[in-house]
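Trainee: Heads up: the sequence lines are chains A, B, C and D, in that order. Residues in the first sequence are numbered from 1 upward in steps of one, following the working numbering. Residues in the second sequence are numbered from 363 upward in steps of one, following the working numbering. Residues in the third sequence are numbered from 725 upward in steps of one, following the working numbering. Residues in the fourth sequence are numbered from 1051 upward in steps of one, following the working numbering.
Heads up, a few of these hints could be off.
Label pairs and their calculated CB-CB ranges [unchecked claim]:
#1 B:677 / D:1276: 22 to 32 Å
#2 B:706 / C:954: 26 to 36 Å
#3 B:399 / A:206: 50 to 60 Å
#4 C:949 / A:348: 23 to 33 Å
For lysine-lysine, the following DSS-like pairs were computed, each having C-alpha atoms within a straight-line distance of at most 27 Å [as the list claims (entries may be wrong)]:
#5 D:1371 / B:718
#6 A:60 / C:1045
#7 B:413 / B:602
FYI, nobody ran anything at the bench for these hints, they're computed from the structure. These numbers were taken from a predicted model, which means no experiment stands behind them. Backbone N, C-alpha and C fix where the C-beta goes; we use that ideal spot for every residue, glycine too.
The residues making up each chain are set out below.
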Amino acid sequence: MTSVSQFQVDFTRFLDPQGEALAPLPDFAQDPAVLLPLYRAMHLTRIFDSKAIALQRTGKLGTFASALGQEAVGVGVASAMAGEDVLVPSYRDHGAQFLRGVKMEEVLLYWGGDESGSNYAGPRSDFPVCVPIATQVCHAAGAAYAFKLREEARVAVCFLGDGATSKGDFYEGLNFAAAWQAPMVVIINNNQWAISVPRERQTAARTLAQKAIAAGIEGVQVDGNDIVAVRHAAQQALDKARDGGGPAVIEAISYRLGDHTTADDATRYRDAEAVEKQWAFEPILRLRNYLLRLEAWDAKREEQLVKECTEAVNAAVEAYLATPPPPVTAMFDQLFATLPPAMQAQLDTALRFENKQGGGHG
Amino acid sequence: MTSVSQFQVDFTRFLDPQGEALAPLPDFAQDPAVLLPLYRAMHLTRIFDSKAIALQRTGKLGTFASALGQEAVGVGVASAMAGEDVLVPSYRDHGAQFLRGVKMEEVLLYWGGDESGSNYAGPRSDFPVCVPIATQVCHAAGAAYAFKLREEARVAVCFLGDGATSKGDFYEGLNFAAAWQAPMVVIINNNQWAISVPRERQTAARTLAQKAIAAGIEGVQVDGNDIVAVRHAAQQALDKARDGGGPAVIEAISYRLGDHTTADDATRYRDAEAVEKQWAFEPILRLRNYLLRLEAWDAKREEQLVKECTEAVNAAVEAYLATPPPPVTAMFDQLFATLPPAMQAQLDTALRFENKQGGGHG
Amino acid sequence: MAELNLVEAVNHALAYEMEHDPAVLVLGEDVGVNGGVFRATVGLQARFGPARVLDTPLAETAIAGTAIGMAAMGLKPVAEIQFSGFIYPTIDHIVNHASRLRNRTRGRLSCPMVLRTPSGGGIHAPEHHSENPEALFTNVPGLRVVVPSSPQRAYGLLLAAIRDPDPVVFLEPTRLYRLFKQEVADDGEALPLDVCFTLRAGNDITLVSWGATLQEVQAAADLLAAEGVMAEVLDVATLKPLDMETILESVTRTGRCVIVHEAAQTGGFGAEIAAGLAEHGLYSLLAPVRRVAAYDVVVPLARLESQYLPSVERIVDAVRKTMEAS
Amino acid sequence: MAELNLVEAVNHALAYEMEHDPAVLVLGEDVGVNGGVFRATVGLQARFGPARVLDTPLAETAIAGTAIGMAAMGLKPVAEIQFSGFIYPTIDHIVNHASRLRNRTRGRLSCPMVLRTPSGGGIHAPEHHSENPEALFTNVPGLRVVVPSSPQRAYGLLLAAIRDPDPVVFLEPTRLYRLFKQEVADDGEALPLDVCFTLRAGNDITLVSWGATLQEVQAAADLLAAEGVMAEVLDVATLKPLDMETILESVTRTGRCVIVHEAAQTGGFGAEIAAGLAEHGLYSLLAPVRRVAAYDVVVPLARLESQYLPSVERIVDAVRKTMEAS
Ligand SMILES: Cc1ncc(C[n+]2csc(CCOP(=O)(O)OP(=O)(O)O)c2C)c(N)n1
Ligand SMILES: Cc1ncc(C[n+]2csc(CCOP(=O)(O)OP(=O)(O)O)c2C)c(N)n1
Ligand SMILES: [Mg+2]
Ligand SMILES: [Mg+2]
């Protein structure tokens, strides 16, 4: 018996929950000018989330998936991306999207039931929210291949959850990208839960990062609540991918502090106390602790920041609420580049019944 | 950065191509009474294959997938299985099937275009040939779960090819079985080719065994042309699975000496010389060399064996050719347990046109 | 006899059959501790244990595929797909294996499994949660496709589906899960799988539908009755195999038919019924056979949902047109 | 102008478009060095390089899924699924993403991809190699479904499919790949995607079909002509969106229609055409609309294949019955 291959999975954390550095920090982490926008972005995401949940509770928004407790994953990764890179998100990645220029009212429109929310004025090439779990990994692999073929220095960055790593699409997409050495970075947001199914019952694998081994590529773990670790790992993977080094997988270990979505009630399946304990590790507090240590932050600026973010969120909410529902023609006008003649009669019917519907539902 | 998980993939070979032992052999390998039936089974498989190809070439059989050069994989694994275990084969595993009691004429009937070929008189619970690549891994995982639930000491043994390891079903099925700790053993018959696609372009993974790591289970490599190594590894995995130790993956490294199927012409995409070289490693020669060393074999017995196998194959071919095509009712009679009344009219039509068809095709 | 809504009826049928047949087991995402996202499986894991009520990893292909393996080995798995838009990864296993295992092995192995999923729109759900995928299955030989439209029928048809020796796709109209309650005797009585149900008798026109849209069809029938048009309302219930006899019998009497369904019109299962009429009922037809279905557009997000779903107004309009024709 | 069989016509169309549009690329299993198991892509990798003619790993879900990612980023992938029975794992991506990307993003991103696959039986192929999966796609909004029936139409329709700014499922009748040759001008001229083709004019009955069964339909039309029944033969070609106008125009003249297809009858696309006649052509119909299709059974292995495929005999029989009715 001979050993033919060895593998290992490494874990990286720079900041402990008290914001103390456990290892020499990467350069960017010593520069408040770099960190403060990240801190703001995490705050904004959290304030947005609580506002969105409130809107849902009052019937002004549909089902919504908050990123509570996982802000460092989206923000950290997006902050390492170049503008021309492409984000291929799941449904919990508005933290990353905002940093890429997606507007908050766009995200609200999407969850409020209007497709125009995915017509981002900002990052025109970014993919829209992807609900069918893990399918986006294949899209990202294809996008990455397009960049490689055209010799563009762009990377496709894909997010998915811990539960999503059980799906064939994750594995197939990864295997394609690896076989093609395509510039793709896959971020597993391991928030420990797939709705009610805890990480341990999702797979017998001890880490999710090790799933990358199946595709012959590297997988690493980072503390997903340490934005320094997240950004650092993302930057390394992005640089490598951009330089032709092929795809990489980062498992960012975080925790879903909220319900799965507004349609979920997590108290049915998990212990409130266990959740409570996780609050000590959350990423905003951690970065604030570090910034306080750096003396780059204080209570006044905190107050100012919260106010400013709240105003921005409120403005987005207003813009969202002021957007009229789409006309019935919207169902037809972007179905194909040109509406086939065969569909004209249906469009006529739709117009004839516009706003005269709703019998029995609505 | 801390290392949180380490993995390795081991490779086992007992006999070198000259039949010389490279390591202390397992007990069974010192007993000709155990080895001779395996030797016969490999021979039978090879003679069957060449006969089947001849039948296809003369229009008496449909497309056929031979196991040429890979006989040790099927035979070795099947010889380690218990009767009550269940085989979940792909389309290249008749070597294993014959040892389990599937009749040669049944396999011919299947490839000859008659479903009754999958109604095995022998192993009644074994799964039929599975053509859609890798789907059988999920079936095996489910079968294994059924055994576990009913506390039966049975194992589901699943075969697939190197190409098949790229498919989501392989990974999903493995992950389910591992999460369930279900008694499943997966054999990857790595014959280096998926039709025209060589192993190296199928995946960036250096071994296929390492794909098991993604599911959190062990994967090992064996020399798939060394039947001692194959049987030994299979026995270990079977014992462990039967004892509640969960699933395992064995990558058996072999080589497809023939075309992919009779519909294929491998000279289009691979070098005849490279193939020629592989003949030195083929499994029947290897075991014969070993048996000769043991003085458990000689030319006379070889001649006798070939004759006997050829007769058995010929008898099966005769039985196959003598089987009349099924009546048109066969399309209807096993579609459901009971034919729904809605289908009676179609059955009547089919009967009305029985053997009055064929216009334009046939 | 309890008053149950549709999702409770599903739950009761599952519990009844698990109680009486140890081969039955339930698997899917979040079906265990959480009791299913719509609570269809609530209480089952506590009662029958985690070995028979399995929270699977998140992978629909393997949910279907492992269910096939289980069924082939003598279990009767009832697999839940969490929302209809995620049923697509199961199709390979359903088409290539579940529906064929019996035929492929000439009856040696079979596949008594049920694939349940909530289906259809009307609850302002997120993207992909409001699909009507029935036409993906109705062209597949060897499969049964069932859509209940009331708590009673959900209970009886689901029991029948679980007991059926062959695979059944069971589409539960999400919109009806909690819409109304009905007396349901939890007595283990199954309903027949291969028949249409006549929900309302009438001699002027036949309205054929299934699942959630029967709500609008019945409301339309009420309105029409006030106008003096007496509609017969048929619930197809089992789409495949289709009980065309009952539909033909009705249309032979009424001479007119409107078919209503929530899936997109083109290539939808309504076409099969219209085709059946064009072949076997042509001489009875006094008017063109109209379909009221969703437009051939992507299921819109919530803001346009009510403009997308076939409405009472559209049904009444189609019936009036059909009555005018002669 | 060269004499080409259908698979050569496909090959020429691919080569033409790859030559003229650098965004076009081909991917699939064995499409590169091997030139495809049916040789549809033969020579392309040598000519355009392995970066534009990709031998993918063995995974249909990812073939479809990565094609979507490529298409969204400006490429025009033509993905080959090796045999029709292996198209099912693509359906999730085709339904949930390819057909919706434009609508989902309000036109910001789109999905100009083609999913090609050999389709149908008649060549005594192994299990799963003879499927007719069109009905899995024809109910899907946002998709085009095209089936050529001759080398010329394969060439022109495939060019149109590749150039189309939206996703197209392109089903190539395997049985026709090498059945006959035809003059095909390799001039880059596309055929229109949204129209039926009239293959033969006649005023007694309209025969509607697509793909391989047009062979039997035309042979039947020959036999019928000898009996004095002049059949009009329509090749639907593009199933979705369906050109019902042309069919209605013909049936208005003939008053009779038989629809022929190779997929199983129930829930097959023939139903949509019959339904269109029952709604829009009812008053012209002089006889019931018959369908000659495969029985609702699993595609049998080779020994029963010819009993399964719709035959000239069955078509002629259906036409005679249709002519007798009045
Ligand atoms: C293919 C598919 N199956 C099921 C669902 C329903 N669903 C939505 S989110 C979710 C759990 C996802 O868990 P995970 O991947 O860990 O991501 P998280 O929501 O925790 O971020 C499920 C089952 C879906 N969206 N897609
Ligand atoms: C899902 C699916 N896709 C494609 C095919 C066509 N096909 C048959 S065998 C084969 C190659 C399989 O290679 P491998 O898994 O290495 O097994 P081998 O044939 O070498 O034993 C392909 C692509 C198939 N049978 N199933
Ligand atoms: Mg999660
Ligand atoms: Mg192989």
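Trainee: With reference to the structure, classify each hint as holding or not holding.
Mentor: Against the structure, the hints:
1. B:677 / D:1276: 22 to 32 Å: Given about 50 Å between the Cβ atoms, the range is violated.
2. B:706 / C:954: 26 to 36 Å: At 33 Å between Cβs, range holds.
3. B:399 / A:206: 50 to 60 Å: 41 Å, violated
4. C:949 / A:348: 23 to 33 Å: 29 Å, holds
5. D:1371 / B:718: Satisfied, since the Cα-Cα distance of roughly 17 Å is no more than 27 Å.
6. A:60 / C:1045: Cα-Cα ~38 Å, so violated.
7. B:413 / B:602: Violated, because 38 Å separates the two Cα atoms, which is more than 27 Å.
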